[in-house]
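Student: Knowing the structure of chain A, use the given hints to seat chain B on it.
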Amino acid sequence: MSDKKTERRDFLFTATYAVGAVGAAAVVWPLVDQMNPDASVKALASTEVDVSSLKPGNTITVLWRGKPVFIRRRTQEEIDVARSVKMEDLIHPEKDEDRAKNPEWLVMLGVCTHLGCVPLNDKGDYDGWFCPCHGSHYDTSGRIRKGPAPWNMEVPKYEFVNANTIKIG
Amino acid sequence: MSDHEYTPKSKAGKWFNDRLPLLTLANHLTDYPTPKNLNYWWTFGGILTFCLITQIVTGLVLAMHYIAHADMAFESVEHIMRDVNYGWLIRYIHANGASMFFLAVYIHIFRSLFYGSYKSPREIIWIIGIIIYLLMMAAAFMGYVLPWGQMSFWGATVITNLFSAIPFVGEGVVTWLWGGYSVDNPTLTRFFTLHYLIPFLILGLVVLHIWALHVPGNNNPVGIDVKKPSKDTVPFHPYIVIKDGFALLMFMIVFAFFVFYAPNILGHADNYIEANPLVTPAHIVPEWYLLPFYAILRSVPDKLLGVVAMLSAILILAVLPWLDTSKIRSAVFRPLYKQFYWILVADVLILGYVGAMPAEGLYLLIARVATAYYFLHFLVILPVLGLKERTIPLPLSITEPVLGGSPNMAMAKKKESKIE
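Protein sequences, first through last, are from chains A and B.
So the first sequence is numbered by the numbering used here: it starts at 1 and just counts up by one.
So the second sequence is numbered by the numbering used here: it starts at 1001 and just counts up by one.
Pulled out of the complex, with its shape left as it was, chain A reads as follows:
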């Protein structure tokens, strides 16, 4: 077999493998992607909550996209504590001003950023939230202060539709 002939074969083999690989990937992708959230799940993207009955110092939990969302009407004391914390004391530094635009209202996903449990209200070393699963402590701004969770509880996109109604999502 001459060298020239071998090179021609090599090219054909490589080209065949390449087309085969692209074809296989094209077949596999729908099989993988079908597991991602479907259209009906995505459609449930927002929810509206009436918060008129909520008194200062109380929290309600609502379900949004299958996850709990904490809506807390904070007392002035809680706001003062949350706003006086120094940034260097935080594991995941975020200003309370950025987390709660309207200081009286704290809206965040009630999901521990460690492994997804629902933290308990008014518990823990920082009088905010405490996750019973693996012992993460959150402060009155929902920021992680102690324990294995890496981040603060997430603040979702939300807005006040009117004085009494919050739209999440």
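Calculated directly from the structure, the hints in this document are not laboratory data.
Don't be surprised by glycine CBs; every beta carbon is placed ideally from N, CA and C.
Treat the hints with care, since some could be wrong.
Label pairs and their calculated CB-CB ranges [unchecked claim]:
hint: 1; chain 1: A; residue 1: Glu104; chain 2: B; residue 2: Pro1167; range: 35 to 43 Å
hint: 2; chain 1: A; residue 1: Ser46; chain 2: B; residue 2: Met1072; range: 23 to 31 Å
hint: 3; chain 1: B; residue 1: Pro1167; chain 2: A; residue 2: Phe13; range: 31 to 39 Å
hint: 4; chain 1: B; residue 1: Gly1361; chain 2: A; residue 2: Glu154; range: 24 to 32 Å
hint: 5; chain 1: B; residue 1: Asp1018; chain 2: A; residue 2: Val19; range: 38 to 46 Å
hint: 6; chain 1: A; residue 1: Asp38; chain 2: B; residue 2: Val1241; range: 50 to 58 Å
hint: 7; chain 1: B; residue 1: Gly1361; chain 2: A; residue 2: Thr61; range: 26 to 34 Å
hint: 8; chain 1: B; residue 1: Trp1322; chain 2: A; residue 2: Trp105; range: 53 to 61 Å
Tutor: Frame of chain A, contents of chain B only:
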């Protein structure tokens, strides 16, 4: 593999066997030469086969009555318990069968660790075994989710969230696993599908596991190679079949005790409360057989490193044949390894205990020490020990200590020195 050519006696048998040599295979399995000194720790392979078949049969039956839907799963399990004829029995066998399966597999694994069954030339058998073990854990975890109780839901949430520790793509992977933004109906239906699939994958791997075993043949308590067939071996049937059968009967007594007298003792009461995404149970614990790894996960304060440590604790077993540098298989001839072996057993039991306790204070400290020791055993002690340890001389054959009238190795040692 038996070397002699097998020919069926009947004409029809010969006709069939020439076209598909199933009878040759059956003959190989019955005549398979087995070391005659196998003790009862060697009966757990057969017991595990029984466990797998039990899980598949009861699982098939349960699947005829179970409904994989977030709104109906919990009630359909109660329906099985109350309305379906013998449904309670079949479900209790299946649920406790999972625990019995793990009990047997842990004995089987620790048998290998003691007698060095993972060493050359049996590395592939061992690695297939580890893959089976991983699949068992996946199947057990997903099966626990199906009743859709509180522990099902929150166990699923915590375990799937482990993947969120992967840098950059973690969140996307978790959403993909869930098929949504939380554990919900799409998660349940896919877990049911996979829970149904995995036992058949395990069955296929068990065939490979046994195939790979039948190439070098069984290890044995003395851990030296046997000549087969020879005076060192007996045919699998009837000798080992009877011994395995007797051990299986004993095992089934334990199994039946749990099914009939304490069917819920290994479960968690919270799983009789229907899943509620708004309330996390005060104390989430996995099933007992996953507790040591759960303890390792929680003992590391960093999320990603905790997950890495937990996975490494399992995967480190796959490379064990190369971490253990000793050529001597059986711990009987390794006085130091024998002690470290029992320390490891204690270490894993301690990890299991602290895994069930809250991760704080003294428990957390014990979990950290035990986790460190676990890795120390595999990464430092085993490699060094193989090079430094003074081992007891091996007998010349497995028959020698037996004919010496004593199974005790001091006798074998004495004889050895006489020969020298």
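Student: Are any of the numbered hints broken by this structure? If so, which, sorted upward?
Tutor: No numbers; nothing is violated.
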